[in-house]
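Novice: From just these sequences and the hints, can you work out the full model?
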Amino acid sequence: MTEPPAVAGPDTAVSSEFAVLASGEQIATAAAALERNGIRPLLAATGADARGLVRSLLADGAEVYNNTSQTLEAIGVADDIERSGRYQPLRLRLYRMDREMQRREMRTLAASPDYVVGSVHALTEDGSLLIASASGSQLGPLVSGAEHVILVMGAQKIVRDVATGMRRIYEYCYPLEDARARRAYGVPSGVNNILIVNKVVTPGRITAIIVNERLGF
Amino acid sequence: MSMFDYDARPVTPVPVLVGTTASRGAYAIRDFLSRNGYPFEWVDAGQPEAVRAVLGVAEVEPSALPLCILPVGSRLAAATVERVAAGLGMVAAPARSEYDLAIVGAGPAGLAAAVNAASEGLRTVVVEAVAPGGQAGTTSMIENLLGFPNGISGSELATRAVVQARRFGAELLLARPLAGVSADGPGYVAELSDGTLLRGRAVLFASGVEWRRLEVPGIDDLLGAGVYYGAGPSEALACTASRVVVVGGGNSAGQAVVRFSRYARQVTLLVRGSDLGASMSQYLIDHLSAIPNVDVRVRTQVVGLEADDRLRGIIVRSGDGSAPVQMPADALFICIGGIPRTDSAAGIGLATNTAGYLVTGGDDAGDPGGSWPLPREPLPLETNLPGVFAAGDVRYGSVKRCAAAIGEGSMAVALVHRRLAEVGGD
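Chains A and B, in that order, are what the protein sequence lines are. Under our numbering, the residues of the first sequence are numbered 1 to 217, in order. Under our numbering, the residues of the second sequence are numbered 1 to 426, in order.
In case anyone wonders, no lab produced these hints; they're calculated from the structure. Hints are supplied without guarantee of correctness; some may be wrong.
Here are some chain A residues pointing at chain B (derived, C-beta under 10 angstroms) [to be verified]: (1) Asn67; (2) Ala134; (3) Met153.
For glycine and all other residues, C-beta sits at the position ideal for the given N, C-alpha and C.
Specialist: Written out as structure tokens, the structure reads:
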């Protein structure tokens with residue numbers, strides 16, 4: 001993929017239509033739709049409340065993989081997972097592995113955690129979740145590898161439909177994410193894979209926590 | 001959620017260690033953190049821009065090195081392993097004052113004992129001076145352990161064993177060596193280096209072995225500056241495109257060669273003996289012979305070092321009587337072993353053989369029966385002190401293989417039960 005130029009700054013986020021919190025009615029509509037689709041919706045008034053919900057959902061001692069997520073970092077969930085000592089944080093375990101000698105162990109460990117905790121790029125009012133990924137490594141566990149999936153999202157991520165969600169990914173998330181990737185890793189990001197979860201066949205496997213705050217992007 | 005999970009690096013802050021590459025103290029901390037699987041960032045104090053990025057100034061007073069910036073932001077000047085461990089919350093107090101079994105050492109034997117003891121309801125504590133895994137913990141890939149057809153790294157095996165032991169309720173006390181053991185009624189009291197006391201109704205020494213020191217002039221001055229005992233994972237990346245020399249003929253040395261061959265330009269294995277097969281598993285010998293950048297030299301030993309502020313080369317002499325020759329080397333890893341770790345047991349009078357290995361029931365190397373106080377014979381794996389057992393590499397007569405250590409550690413628990421039944425309360 002040709003490397004696109006970095007295009008976004010923080011101002012983009014503030015001015016965008018996609019940074020506006022959904023109304024209470026939209027949140028309720030999306031939550032009801034998620035439930036119909038087999039995804040357990042939980043509502044949190046604040047990030048602190050969401051953090052408490054995540055804590056209540058994670059079993060002590062479980063293998064937990066936290067996806068890179070500004071939402072999780074902002075509300076303290078990343079800290080809880082990586083540093084509380086209550087869980088087995090797989091990021092730390094993977095990071096210390098020898099990429100030359102332990103590639104196979106890394107692949108299997110990352111593919112099937114007890115819990116994956118992350119966020120989404122869009123939630124539609126009819127209960128679909130949209131997640132974009134550059135490498136795709138985050139998507140396998142979300143779809144089927146992880147035993148449990150917990151997704152925390154600010155209410156600004158609620159959009160009317162999948163088409164609007166796609167526009168949110170390309171027009172809003174991608175430029176911000178590309179800037180982040182260049183800052184953090186020195187490489188560009190890319191909308192190379194998109195996961196759309198319309199319905200799950202194992203009800204309750206995925207929990208979606210909608211927070212009535214603007215979190216992440 | 002971010003679209004890019006670049007390399008699974010932690011998203012929360014990690015400790016930053018600033019030091020010189022030639023610093024022994026900095027190496028000790030790097031090794032400690034690596035072996036404990038604690039992610040950290042290393043900043044070479046000789047790189048002004050890198051130092052400025054983390055400290056805001058380009059230079060650090062040499063007396064302040066190594067300097068550790070903890071995730072909470074506080075700084076430890078002239079940091080030591082003990083202070084870093086405490087600063088990172090790795091030093092825990094024991095939850096109980098008395099345990100059914102106190103295990104010394106968290107290598108394969110100690111961890112196997114911990115899993116089996118705790119799973120059978122024994123109140124179990126493990127004391128470990130450095131990091132779980134022992135010598136096996138630094139092994140890049142163990143390919144002959146039952147149940148792991150694709151192999152498993154020593155660190156991953158240790159991680160899983162620790163999780164398993166803790167799940168059954170065993171406690172692990174890290175980063176503090178055992179200072180001594182004394183008798184206390186039918187049981188024993190173990191004292192850790194920080195003064196912590198643990199009472200154990202039975203004690204298992206699974207303290208393993210240390211690498212044997214290489215007797216070469218000037219070698220101590222280069223520890224951490226190109227010369228290393230063991231082959232800890234912290235240095236593997238630093239060996240990229242380097243010329244690495246590994247000394248030793250055992251499986252640990254062979255596995256170190258395999259690991260470094262993935263990074264280094266050239267890896268040379270020096271073996272004093274003439275037959276590698278006498279000490280190394282055949283699968284490893286076969287593996288080494290198939291790696292193009294690996295050179296194995298038997299009947300060869302290191303007799304000298306060349307260095308400025310760090311190692312630059314070695315002098316080797318072969319057993320054919322030819323003159324010593326110089327060999328360029330950026331790093332020298334010494335994996336010859338070992339010396340049994342029994343210092344902390346010396347004061348209580350544990351019987352050892354002439355090489356210092358703990359003698360246990362049925363051994364013919366020592367005479368544990370001479371001071372044996374009970375009418376019964378010592379149990380297998382029981383030392384000359386009733387209720388003190390030994391398993392794994394530290395025990396005289398043990399087979400120096402990971403699976404054997406696991407077997408001994410597991411077996412020891414059944415014998416501990418018999419001892420506890422004898423003194424009552426089991």
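Novice: Confirm or reject each hint.
Specialist: The hints, checked one at a time:
no.	hint	result
1	Asn67	holds (5 angstroms)
2	Ala134	holds (4 angstroms)
3	Met153	holds (8 angstroms)
When each numbered hint is compared with the structure, no violation occurs for any of them.
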